[in-house]
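Q: So the mapping is simple: the working numbering equals the position in the sequence shown, first residue as 1, plus 530.
It is worth saying that the hints were derived from the structure and are not from the lab.
Computed from a predicted model, the values in this text were never measured in an experiment.
All C-beta atoms, glycine included, are put in the ideal place defined by N, C-alpha and C.
Check the hints yourself; a few may be wrong.
[As the list claims (entries may be wrong)] For lysine-lysine, the following DSS-like pairs were computed, each having C-alpha atoms within a straight-line distance of at most 30 Å:
(1) Lys586 - Lys546
(2) Lys540 - Lys597
(3) Lys583 - Lys597
(4) Lys597 - Lys534
[Stated by the list, open to error] Now the in silico label distances, taken between C-beta atoms and shown as ranges:
(5) Glu601 - Gly659: 51 to 61 Å
(6) Glu541 - Arg628: 37 to 47 Å
(7) Arg569 - Met536: 14 to 24 Å
(8) Pro619 - Arg544: 51 to 61 Å
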Amino acid sequence: MKEKLMEDLKEAMRSKDVVRKNTLTMLRSQIKQVEVDTRTVLSESEIIDIIHKQVKQKKAALEEFEKANREDLVTEVQTEIEILTTYLPRQLPEEELRILVEDRVAAMGATSMKDMGRVMQVLKEETAGRADGRTLSNLVKEVLG
């Protein structure tokens, strides 16, 4: 993953794609910072977690920029989100998630909201990086009623 980021960064520099270059530089520095802080080399899944965190932060910033009518920043942040999401695993469609949630709830014998924590834990492990936690949570709440 880090090699791909570096290659893409070099390509962005060659093509003078400023937004892509800045986004990838920011991501690489974030990864490097975590590696220095923890004194370890990050695994693929840990890098994906960092990318998810960055996307989440960018989406929050996007909402604020939209409220403030800052179209210039909205466009830039949308582009950054698109760039970052290319490095994430393919997200499961909501229909597939709904089926998965219903199967796990039935398999675990979950009947009430008290069981939500157990169900969420299993689902998070199963969908690691391929589903948003908020979407999963909403679907589990729907199914458990």
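Q: When the hints from earlier in the document are held up against this structure, which numbers fail?
A: 2, 4, 5, 8
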